[in-house]
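Student: So the chains spell out like this:
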Amino acid sequence: MTSPKTNRVSQFLFHPFVRVAGAASLALGLAAILLAGLIGAGQGLHFDGVLDAHVGLKLPVWFSVAEGLLDWFSLAVVLYIVGRIISRTAFRAVDLLGTQAMARWPTVIVSLVCLLPGFHRFSDQLLKSVQKMAADPTRLALPPLGMDGAVFGLVTLTMLVCTVWMVALMWKSFSHCCNVRGGKAVAGFVVGLLIAEVLSKIGLGQLLKLL
Amino acid sequence: MKRFPVQCPSCEHSLDVKRLGCAHCGTEVEGRYPLPALTALSPEDQAFVCEFVKASGSLKEMASIMKISYPTVRNRLDDVISKLKIFPQEDTP
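Protein sequences, first through last, are from chains A and B.
Residues in the first sequence are numbered from 1023 upward in steps of one, following our numbering.
Residues in the second sequence are numbered from 13 upward in steps of one, following our numbering.
Hints are not guaranteed to be accurate.
[As the list claims (entries may be wrong)] Computed Cβ-Cβ distance ranges for the label pairs, DEER-style:
| no. | chain 1 | residue 1 | chain 2 | residue 2 | range |
| --- | --- | --- | --- | --- | --- |
| 1 | A | Gln1065 | B | Gly69 | 47 to 57 Å |
| 2 | B | Gly43 | A | Ala1209 | 32 to 42 Å |
| 3 | A | Arg1110 | B | Phe16 | 41 to 51 Å |
| 4 | B | Ser70 | A | Leu1179 | 19 to 29 Å |
| 5 | B | Ser76 | A | Leu1149 | 47 to 57 Å |
| 6 | A | Val1212 | B | Phe16 | 36 to 46 Å |
| 7 | B | Phe16 | A | Thr1111 | 51 to 61 Å |
| 8 | B | Gly43 | A | Val1213 | 50 to 60 Å |
| 9 | A | Ala1190 | B | Gly43 | 19 to 29 Å |
| 10 | B | Arg15 | A | Arg1110 | 25 to 35 Å |
| 11 | B | Gly43 | A | Ala1049 | 54 to 64 Å |
[To be verified] Listed next, the in silico DSSO-like pairs over lysine-lysine satisfying Cα-Cα at most 27 Å (straight line):
| no. | chain 1 | residue 1 | chain 2 | residue 2 |
| --- | --- | --- | --- | --- |
| 12 | A | Lys1194 | B | Lys79 |
| 13 | B | Lys79 | A | Lys1206 |
| 14 | A | Lys1206 | B | Lys95 |
| 15 | A | Lys1194 | B | Lys72 |
For the record, the hints were derived by calculation from the structure and aren't laboratory data.
No residue lacks a Cβ here, since even glycine has one placed at the ideal position from N, Cα and C.
Please build the complete structure, drawing on both the sequences and the hints.
Tutor: What follows is the structure, encoded as structure tokens:
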């Protein structure tokens, strides 16, 4: 039997939309997207797709924030259309938009863990090693693991966990706001996620032209 | 607390009221009176419907009273509606 405190924690982590939706969730979600973009921009961290997080070139802050907004909006709009098709209830757009924005809050954790010293150092070494191996495939030249390697492993694991957690929140948001359950809802969500991923990549291409 | 029976334990059809009594003078009336549709709901759902009516049917106000989100209230209402829809139509006064 689970205690009420455990239930509250579990609800806060995996189903906060029972208590928060609408304008409040939109404000919280947009704040999280902005924060993740601000923290990520300084270290070249990009949320370059609905489910993607990659380290690359350091680009302007507005670009990092715009990436997060683009990811959120692509999925929210696609899921809104999917919801309108499969849901039998009259749901509000602001609930879906808001809770989808809030579902992206694990990206703040990803941005923060990437600040751990050693992560970027090891990423750079790993990239150089891969480039060397690409030039000469017979030469295996992985960087020594050490402390930086351990930090890299920890960050990678956290990113993975946060991505799974984010998808779980996105699903809960869709299922709760549109009041849909069952196989049809899961299929709609998966298809919506794939379409949104493609749309976000197309949007990102257009965004890059503005640089 | 005893739960108000609405379904026949034998054949699972809905029950009717056969006898009513006045607690004041003891008069008893016998007949066959169908139960109102709302009795098919659980006590929690009945309380929810009462609160909903008191809130003038405002989902926003219900969300604020119950300290839950708007979609949570609406989903609860959808559940109540679906329960009422399966209640046999001929028993609804």
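Student: Decide, hint by hint, whether the structure agrees.
Tutor: For each hint, the structure was consulted:
1. In this structure, Gln1065/A and Gly69/B meet the distance hint of 47 to 57 Å, their C-beta atoms being roughly 51 Å apart.
2. Checked against the given bound of 32 to 42 Å, the beta carbons of Gly43/B and Ala1209/A, roughly 52 Å apart, lie outside it.
3. The hinted range of 41 to 51 Å is not satisfied by Arg1110/A and Phe16/B, whose Cβ atoms lie roughly 30 Å apart.
4. About 46 Å separates the C-beta atoms of Ser70/B and Leu1179/A, a value inconsistent with the hinted range of 19 to 29 Å.
5. For the pair Ser76/B and Leu1149/A, the beta carbons lie near 52 Å from each other, so the given range of 47 to 57 Å is met.
6. Taking the beta carbon of each, Val1212/A and Phe16/B are about 44 Å apart, inside 36 to 46 Å as hinted.
7. Distance hint for Phe16/B and Thr1111/A: a CB-CB separation of about 29 Å, inconsistent with the stated range 51 to 61 Å.
8. Between Gly43/B and Val1213/A the C-beta distance comes to about 57 Å, which sits within the given range of 50 to 60 Å.
9. At about 55 Å, the beta-carbon gap between Ala1190/A and Gly43/B misses the expected band of 19 to 29 Å.
10. The given range of 25 to 35 Å is respected by Arg15/B and Arg1110/A, whose C-beta atoms sit roughly 30 Å from each other.
11. Between Gly43/B and Ala1049/A the beta carbons are some 58 Å apart, a value that agrees with the proposed interval 54 to 64 Å.
12. For the hint pairing Lys1194/A with Lys79/B, the CA-to-CA distance comes to about 19 Å; that is within 27 Å, so the pair holds.
13. For the hint pairing Lys79/B with Lys1206/A, the CA-to-CA distance comes to about 30 Å; that exceeds 27 Å, so the pair is violated.
14. The hinted pair formed by Lys1206/A and Lys95/B meets the criterion: a straight-line CA distance of about 22 Å does not exceed 27 Å.
15. For a cut-off of 27 Å, the pair hint linking Lys1194/A to Lys72/B stands: about 21 Å separates their Cα positions.
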